[in-house]
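Participant: Read off the chains here:
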Amino acid sequence: MLTGFDLQTVINALPYLFFTGMSFTLTLTVLSTIGGILFGTMLAIMRLSRYRAMSAMAAGYVNVLRSLPLVLVIFWFYFLVPFLAQWLTGASSPVRVDPFWSSVITFTLFEACYFCEIVRSGIQSLPKGQSLASQALGMTERQTMIYVVLPQAMRNMLPLFLTQTIILFQDTSLVYVLSITDFLGAAAKIAQRDGRLLEMYVFAAAVYFVISLLASHAARRLQKRVAIIR
Amino acid sequence: MKKLTLSFLAVMMSAATATAQDSGTLAKIAERGEIVVGHRDGSVPFSYYDDQQKPIGYAMDLCAQVVEAVKTKLGKPDIKVSYMPVTGTTRIPLLANGTIDMECGTTTNNADRQKQVTFSTTNFVAGVRILSKKNAPIASMADAKGRTVVTLAGTTSVKVINAANTADGLGLTILSAKDLAEGMLTLETDRAVALIFDDVSIAGAAATSKAPADYQMSTDPLSVEPYGIMLRRNDDAFKSLVNATLEGLYKSGEINAIYDKWFTQPIPPRGINMNFPMSAQLKNVIANPTDDPNPDLYR
Amino acid sequence: MNYNWNWWIFFEPSLDGTNTYLTTLFWGLGWTIATALCAFAIALVLGSVVGVGRTAPSPWMQRSATTFVEIFRNIPLLVQMFLWYFVLPEILPRDAGMWMKQLPNAQFYTAVICLGCYHAARVAEVVRAGLESLSKGQKMAGQALGLTLPQTYAYVLLPMAYRIVVPAITSEFLSCTKNTSVALAIGLMELTGAARAMQENSFQIFEAFTAATTLYLALNLVIVFAMRAVEGLAVVPGYGNRRNAVKGR
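Chains as they are written, first to last, in the numbering used here: chain S, 1 to 230; chain R, 1 to 299; chain V, 1 to 249.
Note that these hints are calculated values from the structure, not bench results. Quick caveat, the model's predicted, so the values are computed rather than measured. Accuracy of the hints is not assured; some may be wrong.
[Said to hold, decoys possible] Below, in silico cross-link-like pairs of lysine-lysine (BS3-like), each with a Cα-Cα straight-line distance of 25 Å or less:
| # | chain 1 | residue 1 | chain 2 | residue 2 |
| --- | --- | --- | --- | --- |
| 1 | V | 101 | R | 133 |
| 2 | V | 136 | S | 224 |
| 3 | R | 210 | R | 54 |
| 4 | R | 251 | R | 210 |
| 5 | R | 134 | V | 101 |
| 6 | R | 134 | R | 115 |
| 7 | V | 101 | R | 210 |
| 8 | V | 101 | R | 145 |
| 9 | R | 159 | R | 133 |
[Unchecked claim] Label-pair ranges, simulated between beta-carbon atoms:
| # | chain 1 | residue 1 | chain 2 | residue 2 | range |
| --- | --- | --- | --- | --- | --- |
| 10 | S | 128 | V | 64 | 38 to 48 Å |
| 11 | S | 38 | V | 214 | 24 to 34 Å |
| 12 | S | 217 | R | 69 | 56 to 66 Å |
| 13 | V | 8 | S | 92 | 23 to 33 Å |
Note that CB positions come from ideal geometry on N, CA and C, so glycine has one too.
Taking the hints into account, I'd like the entire structure generated from these sequences.
Facilitator: What follows is the structure in structure tokens.
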């Protein structure tokens with residue numbers, strides 16, 4: 001049924017694919033990365049905290065979410081977020097959260113677990129002498145974390161963050177299971193409407209490939225540049 | 001880990017119970033100044049996208065009338081109307097969790113679903129039938145014996161097919177597509193020999209496919225499917241407003257014009273005509289409106 | 001809102017009329033495990049070959065191995081799933097395509113092959129890292145003893161590298177188990193798919209997903225414990241500290 005590669009279908013679909021689909025995918029990736037790094041750092045600090053309860057809570061959260069497939073987590077949060085929002089805001093009925101923000105929340109909460117592990121190993125990889133030295137200088141624990149530990153750890157982690165962001169970028173395609181129009185969703189819609197599977201899926205694969213490949217090369221170059229010589 | 005799972009569960013439960021004394025959909029709409037209409041993205045001609053990605057269709061027209069009635073009732077003509085696409089999988093959870101206020105698509109009113117949601121007066125009566133390719137025709141469930149068939153996830157057809165499969169030992173492989181487009185794609189690419197779903201929808205899918213002449217539909221319906229607008233349970237104020245609106249359209253005869261617009265005239269975006277005149281069952285419902293889920297009443 | 005909690009739903013018959021919902025969930029778990037095991041077997045074999053290829057002296061082998069890794073790592077798994085399932089049969093000759101489409105359990109085979117290749121690319125990186133972490137002397141010593149290069153890999157380098165990378169392989173297997181859920185998009189009734197179907201047909205969303213979550217956690221624990229035992233056996237005496245040098249995702 002598919003004879004030859006019909007480039008025209010792809011060209012006609014470009015505005016829809018990029019303005020609707022890719023812009024959704026990229027915004028979702030960027031916002032979830034920022035959210036994931038912030039929340040992930042918080043989780044990592046909690047995990048390394050002296051307070052047992054705090055570290056147990058963070059460890060539990062991270063371990064549970066890391067044991068679950070993202071697809072299941074996406075379903076969970078899509079149905080649960082309105083209740084969580086209601087619970088947090090004290091509203092009288094579940095709060096409507098549109099699919100975009102629901103996805104941002106889902107990916108932030110999920111990817112934070114992976115960012116947390118990166119930050120944790122980043123912090124732990126610093127020699128103990130660093131924090132001992134700053135405490136000897138009279139810094140509080142919090143000041144040590146903010147002025148000494150995190151800046152160095154972050155520098156080491158930058159390439160890993162970028163690598164995780166590439167994974168996140170690819171993972172966002174899973175919102176397809178909820179019929180949300182991300183880049184893959186847009187491609188699938190055109191594919192099904194025009195019966196042009198081959199063209200649309202191959203094109204989508206190529207776009208993901210090029211973006212991920214370029215970004216991973218950038219990550220590798222970054223790794224060489226930021227490496228702290230010890 | 002255990003502790004966290006427990007607290008997670010506790011949050012869920014408290015969230016669910018805290019909402020038990022809901023203040024009602026109308027109050028919620030008035031408070032937020034917004035009504036959210038759930039729609040399908042490919043259920044031609046009930047609820048689907050036109051070429052500007054705007055949801056249109058028979059069910060959308062009926063819901064637009066409900067929205068007008070809500071505005072009048074609340075005395076707020078400036079209520080914002082938002083649209084949210086749903087699928088067979090997501091429609092019931094999203095209605096229950098307050099994301100959408102009503103669902104306007106092709107949802108069958110049945111007793112099982114009434115445990116979680118409720119339905120307006122019936123606004124269409126469909127039947128489950130079998131769509132297959134003319135070069136490999138499937139006229140009855142028995143013809144599909146041992147083959148792969150596809151239906152739509154989260155629909156009543158799943159139950160109909162499973163029942164036939166078990167009763168007659170057909171040994172079918174049953175795929176569940178997430179929406180009509182994916183189901184049609186599965187049939188089109190020969191991943192399944194038959195698409196089994198509500199007749200009006202598969203007729204629409206075949207009519208809008210690349211080669212409408214390649215498909216045929218079985219004659220005897222496997223079941224009767226009364227459609228309604230899906231609403232939250234235990235909210236009589238909103239439900240009676242919706243029913244009054246629909247019954248008003250039935251009584252005044254306006255329903256005929258709306259029906260003809262979508263079923264017997266060319267429809268956007270590609271000017272296809274469904275050629276689906278009003279059935280005797282639907283005429284009967286319009287004369288005697290009912291929201292009863294019992295399919296036997298519609299035969 | 002009014003959600004009807006009903007934890008007894010698990011013991012009610014599912015739509016197929018014979019099995020209860022609980023049984024369908026366990027069937028789902030079974031498919032998850034079967035898919036993960038078969039896919040990972042492919043990933044280990046193929047990944048080792050590609051990993052060796054990436055460290056091989058022949059530029060031709062290096063280049064093809066690198067291409068393999070880049071392709072399967074830089075396309076989202078779901079897109080790969082669609083390529084295998086929808087696109088591949090269309091570009092094959094008509095008869096071969098039809099044969100593929102009408103295979104019983106086509107979703108299962110597709111998912112196994114797709115996940116196998118996807119994880120092979122990752123296993124290859126792990127194997128390569130393991131090989132590269134070995135000191136150069138090992139390879140030289142092997143060749144000085146008169147072993148050919150393939151023999152050096154088979155008897156000296158790979159046995160050592162495998163033992164070093166066991167922890168990374170474990171986490172790769174865990175992620176393979178989780179990734180089977182992506183196959184629900186092509187209709188495989190694995191655990192997440194079974195929970196979704198249960199939700200759609202019984203409308204007990206939270207019960208269905210809670211059960212699936214519990215089963216995934218249990219499965220995860222079993223794998224972690226089993227692999228910890230394997231890791232204990234695989235530790236290379238006297239090589240302890242260097243183990244940490246190899247990390248995989």
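Participant: Sort out which numbered hints this structure fails and list those numbers smallest first.
Facilitator: Going through the list in order, the structure violates hints 4, 6 and respects the others.
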